[in-house]
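> Chain by chain, the residues:
Protein chains: 2
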Amino acid sequence: TTPCPSVCILLLLCLGRSANGGKVLVWYTEGSHWINMKPVLETLVDRGHQVTVLVPSISMFMTSDQSLFHYEAFNVSLSLEVFEAFLDKFIHFTIYEMDYMNYFQIYSKFMDLLKINIQFSLKFLDGVVKSETMLKKLKGDNYDMLLADPIFPGSDLTADMLGIPLFLSLRFSVAHNWERLCAQLPAPPSFVPAVLSKLTDKMTFSERVFNFLFYPLQDIVMEKCIWKDACEMMGNADIWLMRTYWDFDFPRPFLPNFKFVGGVHCRPAKPLPKDIEEFVQSSGDAGIVVFSLGSLVKNLTTEKANMIASGLAQVPQKVLWRYRGEKPESLGSNTKLYDWIPQNDLLGHPKARAFITHGGANGVYEAIYHGIPMVGIPLFADQPDNMLHMKAKGAAVTVKFNQMKSEDLRDAINTIIRDKSYKESAMRLSRIHHDRPMSPLDEAVFWIEFTMRHKGAKHLRVQAHELTWYQYHSLDVLSFLLSVFLLLLLLLVKTCRFCFRRCCCRRKTKRKAE
Amino acid sequence: TTPCPSVCILLLLCLGRSANGGKVLVWYTEGSHWINMKPVLETLVDRGHQVTVLVPSISMFMTSDQSLFHYEAFNVSLSLEVFEAFLDKFIHFTIYEMDYMNYFQIYSKFMDLLKINIQFSLKFLDGVVKSETMLKKLKGDNYDMLLADPIFPGSDLTADMLGIPLFLSLRFSVAHNWERLCAQLPAPPSFVPAVLSKLTDKMTFSERVFNFLFYPLQDIVMEKCIWKDACEMMGNADIWLMRTYWDFDFPRPFLPNFKFVGGVHCRPAKPLPKDIEEFVQSSGDAGIVVFSLGSLVKNLTTEKANMIASGLAQVPQKVLWRYRGEKPESLGSNTKLYDWIPQNDLLGHPKARAFITHGGANGVYEAIYHGIPMVGIPLFADQPDNMLHMKAKGAAVTVKFNQMKSEDLRDAINTIIRDKSYKESAMRLSRIHHDRPMSPLDEAVFWIEFTMRHKGAKHLRVQAHELTWYQYHSLDVLSFLLSVFLLLLLLLVKTCRFCFRRCCCRRKTKRKAE
Chain B
1 TTPCPSVCIL LLLCLGRSAN GGKVLVWYTE GSHWINMKPV LETLVDRGHQ
51 VTVLVPSISM FMTSDQSLFH YEAFNVSLSL EVFEAFLDKF IHFTIYEMDY
101 MNYFQIYSKF MDLLKINIQF SLKFLDGVVK SETMLKKLKG DNYDMLLADP
151 IFPGSDLTAD MLGIPLFLSL RFSVAHNWER LCAQLPAPPS FVPAVLSKLT
201 DKMTFSERVF NFLFYPLQDI VMEKCIWKDA CEMMGNADIW LMRTYWDFDF
251 PRPFLPNFKF VGGVHCRPAK PLPKDIEEFV QSSGDAGIVV FSLGSLVKNL
301 TTEKANMIAS GLAQVPQKVL WRYRGEKPES LGSNTKLYDW IPQNDLLGHP
351 KARAFITHGG ANGVYEAIYH GIPMVGIPLF ADQPDNMLHM KAKGAAVTVK
401 FNQMKSEDLR DAINTIIRDK SYKESAMRLS RIHHDRPMSP LDEAVFWIEF
451 TMRHKGAKHL RVQAHELTWY QYHSLDVLSF LLSVFLLLLL LLVKTCRFCF
501 RRCCCRRKTK RKAE
Chain Z
515 TTPCPSVCIL LLLCLGRSAN GGKVLVWYTE GSHWINMKPV LETLVDRGHQ
565 VTVLVPSISM FMTSDQSLFH YEAFNVSLSL EVFEAFLDKF IHFTIYEMDY
615 MNYFQIYSKF MDLLKINIQF SLKFLDGVVK SETMLKKLKG DNYDMLLADP
665 IFPGSDLTAD MLGIPLFLSL RFSVAHNWER LCAQLPAPPS FVPAVLSKLT
715 DKMTFSERVF NFLFYPLQDI VMEKCIWKDA CEMMGNADIW LMRTYWDFDF
765 PRPFLPNFKF VGGVHCRPAK PLPKDIEEFV QSSGDAGIVV FSLGSLVKNL
815 TTEKANMIAS GLAQVPQKVL WRYRGEKPES LGSNTKLYDW IPQNDLLGHP
865 KARAFITHGG ANGVYEAIYH GIPMVGIPLF ADQPDNMLHM KAKGAAVTVK
915 FNQMKSEDLR DAINTIIRDK SYKESAMRLS RIHHDRPMSP LDEAVFWIEF
965 TMRHKGAKHL RVQAHELTWY QYHSLDVLSF LLSVFLLLLL LLVKTCRFCF
1015 RRCCCRRKTK RKAE
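Going line by line, the protein sequences match chains B and Z. In terms of this note's numbering, the first sequence has 284 at position 284, counting the first letter as 1, and numbering is strictly consecutive. In terms of this note's numbering, the second sequence has 714 at position 200, counting the first letter as 1, and numbering is strictly consecutive.
Bound conformation, chain B alone:
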């Protein structure tokens, strides 16, 4: 008997595994970034891939679903308390303090916080790349790719160390810094507003001046915060999975390895829990307002909470408010507080009329998905920018958290519900969102699997990566052509002068002779 059959079966099994089931290593992430990434990972598992998630010893979000994914835990020499305290400090700064500071104070405080953030990030990173056992384990596991949200740095270094393709998924980087400088994404400042610039794609002259200066200024700030080498390594990423689309973002130039999957986590509404459904149904024709300031903001000052509650009490809708603080005194009978709400299912409910949101990208996309107009109370990070996008597209109004009064909130809610143009705009964005060749989730999964099948996606990589910045902008060519032109001009002038002189000389000689 020959060993062939068993060898063949083994071979088939091996081929079967590499063809259908890949091994995806997932970089640690946190908060809304994790919420956004999970549906993609779940789909990958459904499709027979093995998903292994790197989880730091201190993690706020990445703790559940132990059964679905493999988890690879690593040590971070930092306590969860210290980390959460830092996060609270950061949030407090951006929500409450920033509005009352001058630019220099903001810059100085921001840089201080960023420095601590880098220190912490390095501690996280050390847990992976400085641990020999961890690296050996990861190398031995033969992953097909590393999937990462670059907000937690070091995935590029790790992918490089493991020699596997890097696949990035991000909402944005400050001033599109990583996309522009590392991935060569073109961003003409004349019609591509820098992230956090609070500008749209329609800019006046002075706004264009501001935007033009905003890019390099942020580049300088970010230069201090990211490792210089990181940019080249990050530039090796095969695919940049952007969590936006043209329902949300302003149209702009992009590259073949940029894929837009905004709303990758959205899904049809499921039935509500019985008590919530009863409260929702009690709203009658007026419908409901869904209100959440996101998962990071837990408490408000008593004053703020009362002001908000009194604003909510004045609208005819029933309000579902996700709020974990103490019950405000001015809370109306139309408002109910919840520790947690099934936000997506509420927004997809036929009775949903409006969404009051801090403007986190995930929530905004759920509202787009279900076509619900928004009242934005943006707090920090990309939230002001996100709400600006929705406002520019006619699907939202915004109120300022620190300046708003009860009436402002009430008027904002009434405006977006009574003025039908907001609902129409929201529905238009919803149609754009749904009417695309492939759902965001399917597209994300397709390109992840593509990267595993082809061990990267080098055919989508522009040659610009091999050019210096002055070569990219043809400045060397321009200098050369200018030099040639000046040389020719000089030659021409010299020749003319020479001829002219000879002429004059001759005349003079003639005259003298005469």
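Hints were generated in silico from the structure; no laboratory data involved. Idealized CB from N, CA, C, for every residue including glycine. Some hints could be false.
Simulated DEER-style distance windows between Cβ atoms [claimed, not checked]: (1) S993/Z to T468/B: 22 to 30 Å; (2) E721/Z to E223/B: 31 to 39 Å; (3) S581/Z to A392/B: 47 to 55 Å; (4) T468/B to K623/Z: 35 to 43 Å; (5) G163/B to K603/Z: 56 to 64 Å; (6) K455/B to S953/Z: 18 to 26 Å; (7) L1003/Z to D219/B: 19 to 27 Å; (8) F498/B to S993/Z: 32 to 40 Å; (9) N589/Z to T468/B: 56 to 64 Å; (10) F480/B to L1003/Z: 22 to 30 Å; (11) F480/B to M612/Z: 24 to 32 Å.
The hints should help you fit chain Z onto chain B, whose structure is shown.
Frame of chain B; chain Z shown alone:
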């Protein structure tokens, strides 16, 4: 009885029509452009849309399949003989004469031919836009969109006159002129080679200088050939359906309303006619070589035909040569001449080893689709560029039509068959071609239907359209900032000089006093 039921049915029928069956008006086109467009139109008909094709009274290709599409004939005050004679003259110039001319002669002859081409194009266009009955008819028919290959000009004007969305499908325009200047497609000359420049995306310094100059030079030439206003109107196009993809083209920046559907006409091979199949099978393990110089080249000189035939006679494969001229004396027993060959089915046959082609985009894409390496004998238009792409990607070698000898052709065929790297590269391109989220045909149909459903695709349109060229490149912002900088510098210098003088004066006064 109420009239409701019948009204309801009528309403449902109307809704049904506008939701499922749209009315597509197709601009007249010719040759390979028509071959490429037909499969898309057939799919549209299959999906319940009504397709009406504008057909000039003189047409070489658009005559068949009267049953599938509606045809709207219009008069052209030009005879088919004159038109075909012009075409032959143009082809003869580019294939036989150009190689023996200097640049000035080429430019002068080319401009002469272009001028005639414009005159003819205008005669075609007049048949539509200057015919009142035709315009009235078209307006009355209430089309949902106009689908056009802009190589035959005037579709933008017509769409504007009819007030319907314009949907363009093209392989390229000279120096990406229309895409760049009308559609705002970014094309940094440092890594995006101009079409017809015979450059790849990897350029040396001198090549970058050439490319940098090639864009504006071609812009100037084209400025003479297209109507100035046309650019703005062409810029109104909702979608630009480009007949390339990253299996064929070099990765480059693009815009949200650019969709890449190269190979839209490709399909799996069908069984061959019996006689051809028998000849193919007689090739044994050596396999077959498929040879065609395209539909426009009908005859070669006797000398040329003999030289080619003798080259083909020296390879071990069986050769199927699509050739309508007289049978060359040196024709080997391994070669058979055909008036017409089922090219796609032959390239998809397991015995296909190589494809000898003039490098037309349609044929090249069929070779990519089936993963067949190519010998290119490029003749004119985009053919040299197409073959350069395939050569750069390792799937082809090229020979020069005017300089080649029998041995060159024989060696080229032997090289791409014996050196396995060519087959591997062709297979790699084939994998890239097939492994995409949606087939090119499905994607083309999706965006056509999208344009009808949403009456355009304005959400994909960049704001760059509203900027002048100097605003686009932020030159006004730069000038302003430079002025401010110089003003400040001047102020600083003046202030310093003033202070310095005061200091000096004081000292002088002091000294004098001393």
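> Hints first: check each against the structure and report whether it holds.
So, going through the hints one by one against the coordinates:
1. Hint check: S993/Z to T468/B, Cβ distance near 26 Å, so the stated range 22 to 30 Å holds.
2. Between E721/Z and E223/B the beta carbon distance is about 32 Å. The supplied range of 31 to 39 Å therefore holds.
3. Remark: the range hint 47 to 55 Å for S581/Z to A392/B is upheld by a beta-carbon distance near 49 Å.
4. Distance hint for T468/B and K623/Z: a CB-CB separation of about 41 Å, consistent with the stated range 35 to 43 Å.
5. The beta-carbon spacing between G163/B and K603/Z, approximately 58 Å, falls within the hinted interval of 56 to 64 Å.
6. For the pair K455/B and S953/Z, the beta carbons lie near 23 Å from each other, so the given range of 18 to 26 Å is met.
7. Between L1003/Z and D219/B the C-beta distance comes to about 24 Å, which sits within the given range of 19 to 27 Å.
8. Distance hint for F498/B and S993/Z: a CB-CB separation of about 37 Å, consistent with the stated range 32 to 40 Å.
9. For the pair N589/Z and T468/B, the supplied restraint of 56 to 64 Å holds, since their beta-carbon distance comes to about 58 Å.
10. For the pair F480/B and L1003/Z, the supplied restraint of 22 to 30 Å holds, since their beta-carbon distance comes to about 28 Å.
11. Between F480/B and M612/Z the beta carbons are some 29 Å apart, a value that agrees with the proposed interval 24 to 32 Å.
In the structure shown, no violation is registered for any of the earlier numbered hints.
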